[in-house]
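> Protein chains in written order, with my numbering: chain A, 1 to 190; chain B, 1 to 643; chain C, 1 to 100.
If you are wondering where the hints come from, they were derived from the structure by calculation, not from laboratory data.
Computed from a predicted structure; not experimentally measured.
Mixed in with the good hints, there may be bad ones.
[As the list claims (entries may be wrong)] Within a straight-line C-alpha distance of at most 30 Å, the following computed DSSO-like cross-link-like pairs (lysine-lysine) qualify:
1) Lys360/B with Lys307/B
2) Lys168/B with Lys566/B
3) Lys86/C with Lys171/A
4) Lys579/B with Lys566/B
5) Lys307/B with Lys110/B
6) Lys360/B with Lys370/B
7) Lys543/B with Lys307/B
8) Lys86/C with Lys168/A
9) Lys86/C with Lys169/A
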Amino acid sequence: MTELLVFHALAGLITLCSIMVVASRNPVTSAVFLVVDLFCVAGLYAQMDAHFVAAIQVLVYAGAIVVLFMFVIMLLNLEPETMQGFRVSAPEVGILLVTIVGFIGVAVTMVLGGPSGANGGMTPEVIEQAGGNTFAVGMVLFTRYLWPFELASILILLAIVASVVIAKKDKPAAKDGAVAGKRSLTNGAR
Amino acid sequence: MFWMIIFLPLLGALVNGLLVRNKVPKTLSHVIGAAALIGAFFCALAVYIPFMAGGGKQQIIIGMDWLRAGSFEAPFHFILDRLSGMMMLIVTGIGSLIHIYAGGYMHEEKETWRFFSYLNLFVFMMLLLVFGDNMLVMFIGWEGVGLCSYLLIGYWYESDANAAAGMKAFLVNRIGDIGFLIGIFLTYKYFGTVSFSELKDMVFGNGVTPVQLEAVSWITLALFIGACGKSAQLPLYVWLPDAMAGPTPVSALIHAATMVTAGIYMMTRLSFLYYLAPDTQVIVAAVGAATALFAATIALVQNDIKKVLAYSTVSQLGYMVLACGVGAFSGGVFHLFTHACFKALLFLGAGSVIVAMHHKQDMREMGGLKKYMPITHVVMLIGVLAIIGFPGLSGFFSKDEILWKAWIGGGPVIWLMGALAALCTAFYMVRLLMLTFYGPNRSDHHTREHLHETSVVMWGPLTILALLSVFVGYLNVPHVIPFPVHQLFDHYLAPVVEMPEIAKQNWTHLTATYPASLEFLLMGISVLGMFLSSAFAISLYGKGPSPLAKRMAERFSGIHELLENKYWIDEIYDAYIVKPLAEMSHFMWKVIDVMIIDGIVNGVGQACTLIGGLASFRMSGSIHRHAMVLVIGLLCMLTVLIF
Amino acid sequence: MVPVDMYLVLATVMFTCGIVGIMARRNLIMVLMSIELMLNAVNIVFVAASRAVNNLDGQIMVFFIITVAACEAAVGLAMVIALYRKYGRIDTNFLRMLRG
């Protein structure tokens, strides 16, 4: 009973926040709503006994990604944009509405069917016995999914390098060989 | 202990080639190279003596696995039997002497570490060849010695001619190798194995099926083509005279004593197969005899001391091949042994002369060196006497054995060709001796001032080789000559060259008995011929090139020119084989590769770009549009999936 | 225990918000935030499914999705910064250089 209550509370909050994220004009407001949204989702995960994922969600999503968004928004000093509607032609609006409705319809159909699939054997009791959700997830992660795990670390490295390179300031090209405009790569090796 | 024999030279090669390089004085690289070989020789002795004490039975030494594909396998197994034992002693023993000598010879060269590294690597490869129990391991060694030969011939690489000579050696070898490879393939196809010991067990144990018997003729022929390339027989001998561009110790080791004998070694290893193929044997004997005579005639008029020895080597190899061809494998191998001794001696002696003459090699500029280089003179004299078959020295015993077997195994024609070649041999070797050591000295004043005997590092090994050349012959004294032991060597090698039962009917003439008088007669004829020929040479050249010699050259100027230009063989090959190939390659490159193939590949790329250009105009660039299309597509996909 | 389909409905709603956000907002950063919303919706589905079939694979998947989302947000924001520096605005109607 309490579970249902908690779920509904969280679900309502999530829905509200999602709509506000999309509808706010000020980017900062959107970002704040996004944070609340993600916290609630974390709460949802905790309620589903996925403690590890909940912690990761708070740490990474709410704690790092949205902070990153905030940084960029502040850095670029954006103005609240004027909501100008969809700016697409009429037939496209029609198609858009149809797709949205259809999407929801498909979702409902799928939901009514209910999930099917073999029972995986990791019932909450088994997990509890094994030492908790984090422990169990760790076991699976480092044995069956070790390879993707390692690849993920390489992916992160790539992302770091890529974002640094893309966001770097280009130095203006030197026209007369002045020191100020010298590219650091050719330092001394001219 | 066995592994040390093979790996000490390899170690020497690696140390000299990778570690030492230019950082240490030349003597050190010399010492490393020689020490590796001397060590290998003593290891070889340490393996050989217990082996022979135990009865000299064939042993297979298991190495590591190498190739394995289905039922085909070619592991690194090594065979130690009487034949390979003998070869390993020759290779390491004579190799050590040559390494010691080479230190003195290469004394003034730069980059000697390269030289000794390659030389050691060569010995390693040769030992692989000798010890390999299957054809593929032998082939590694086969190719490896070809590679080292190339590296060493082109040792003084700054000269284009030297580099070209190296390439020629390698390429001509490769042509022979096609035959060798075909032989390997056929052997696997018809016998199911490429291992020597297994083949021997198969043939002696179960006999041969008729299909296999027919295949054996082709197998042996193909392998013989490989031997032609490596052992410089007609028509693939052309690389050997050019190989004299390398340093003399190289010529001694590789092109006299070891590498060129690989073909004969291979044929003896497979003697049981060759006995089963009398048709191929006819070809082998004919090629061997023809080569012996052909090369001997060319050597008659050469002026470069090393070229004379090179053609002499080709000629003597012809003798060995001839012996194999008539079924006298142990005779061929015995000649291989004696030839290694006295040919190495002759080459090294010639090297001493060349060094003393400040790297001049033309005999017309030599003469009278016997008073400047007494030791070298004595050892060269012994070497020449050995090679011409002077009674009592080693060459006499081995060559006469071959000629005798040629008469009974191959008939009078083959014997005659061999005998004529022997006559020529006597002539040109005595001519060499006369022109170099006797008569007045014809070199210019400067060179004469510097003529002196070489250091002990150089004449020491020569003395040992001279002693070997004298005494080794007594290992195989024929029955007709009174001596305490007869035919030691033949008995020694008998288990290796056993004849399979099925083949015995084809070779009855070999095993029959003959009157001793026939053998004496043939022996006498060849000895008499040798004396006459030598006397003729002394009369013509005893005091330098005499006017009689010049008149003879003019009288027979046509023949003289033919011989001097080596029968124009190189030029013929160049015009009829090399040039057409070059033209065809050029055509293939310019037309087929550049125009057609590159055109196709580039064309495909351009077609893709074209199609891409056609399709890309639908993109509008707006993210929203993209997102919408994405969603619509996703929805459609989901719908399809669900229903 | 809450039935699984409720989680799915929630996720669908969140996902739809995300889609609308992509299509309706002109600011590039808002588009990125909408993408994050969508990813979260998918995460919810995964965890719910994992709970329903008693298998931990769903949560592992979430772990990786979060990782990838982080990388993608980082790189995307870097691009936003670069674009802003070059053009002065991050209006999607203006940024149509990949046209044709």
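> Just to be careful, I want the Cα atoms of Lys579/B and Lys566/B compared with a cutoff of 30 Å; is the pair within it?
Distance ~20 Å between Lys579/B and Lys566/B Cα, so the pair holds.
> Lys168/B and Lys566/B were given as a pair; does the straight-line alpha-carbon distance stay at or below 30 Å?
At roughly 16 Å apart (the allowed maximum being 30 Å), Lys566/B and Lys168/B satisfy the hint.
> Please work out if Lys86/C and Lys168/A have their alpha carbons no farther apart than 30 Å.
holds, 12 Å
> Against the 30 Å threshold, does the CA-CA distance of Lys360/B and Lys370/B hold or violate the hint?
Given pair Lys360/B, Lys370/B holds - Cα atoms ~17 Å apart, limit 30 Å.
> Run the distance test for Lys543/B versus Lys307/B: straight-line Cα separation, threshold 30 Å.
Satisfied, since the Cα-Cα distance of roughly 22 Å is no more than 30 Å.
> Within a Cα-Cα threshold of 30 Å, do Lys360/B and Lys307/B meet the stated pairing?
holds, 13 Å
> Has the given pair, Lys86/C with Lys169/A, been kept, meaning a C-alpha gap of at most 30 Å?
With Cα atoms ~10 Å apart, Lys86/C and Lys169/A stay inside 30 Å; holds.
> If you draw a straight line from the CA of Lys86/C to the CA of Lys171/A, is it 30 Å or shorter?
holds, 13 Å
> Is Lys307/B close enough to Lys110/B, meaning Cα to Cα at most 30 Å?
Satisfied, since the Cα-Cα distance of roughly 25 Å is no more than 30 Å.
Checked against the numbered hints given earlier, the structure satisfies every one of them.
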